[in-house]
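Asker: Sequence:
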Amino acid sequence: MYYTYLGVPQILGRIYQKAGDELYLVFRVLVGFLFALHGSQKLFGAFTDMGAVELGSLFWFAGVIELFGGAAIALGIFARLVASITTIEMLVAYFMVHFPDLVFPIERGGGEVPLLFIAAFLVILIYGSGKWGLERLITRREMF
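Take any residue in the sequence shown, note its place counting from 1, add 50, and you have its number in the working numbering.
Just so you know, these hints were derived from the structure itself, not from any lab. If a hint is listed, it holds; no wrong ones were tucked in.
Taking CB as the label site, the calculated pair distances span:
hint, residue 1, residue 2, range
1, F154, A102, 28 to 34 angstroms
2, W182, G63, 18 to 24 angstroms
3, S107, P59, 47 to 53 angstroms
4, S134, E162, 19 to 25 angstroms
5, G95, M193, 31 to 37 angstroms
6, R64, S134, 30 to 36 angstroms
7, F83, L175, 17 to 23 angstroms
8, D99, F149, 23 to 29 angstroms
9, L105, Y66, 43 to 49 angstroms
10, A69, G160, 29 to 35 angstroms
11, I61, L87, 32 to 38 angstroms
These numbers come from a predicted model, not from an experiment. Just so you know, even glycine gets a beta-carbon here, dropped at the ideal spot from N, CA and C.
Start from the sequences and build out the full structure, keeping to the hints where you can.
Answerer: Here is the structure:
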């Protein structure tokens, strides 16, 4: 590696070995929290001037998935199951709302967000709730 003579890879490797579980906890909680905020925008009109979406609409169902799915991911409850559902939801959102007339996802703003969430949910799908998830702390194992 390019920086081998400085010992950078070894230092980062040691940091990750010591704090990997805690770093993943921060990642999972941050992703879940931000996703839940998107759901609260849709369901309650929070943090936006657009107002709440119509009850029972497709956006309302997306808001429910985002609010409760984000909370479950942040808490570490059924993280793999929820990450698979939210990944599908973000794929649908991207192709229905953001993709149809864009060349690049950032072209008119907003298209990069579902793609970043998809990437984050794929990581969560692999690592699950992690060492510090509520599911593991309560049951001593991951259920899904």
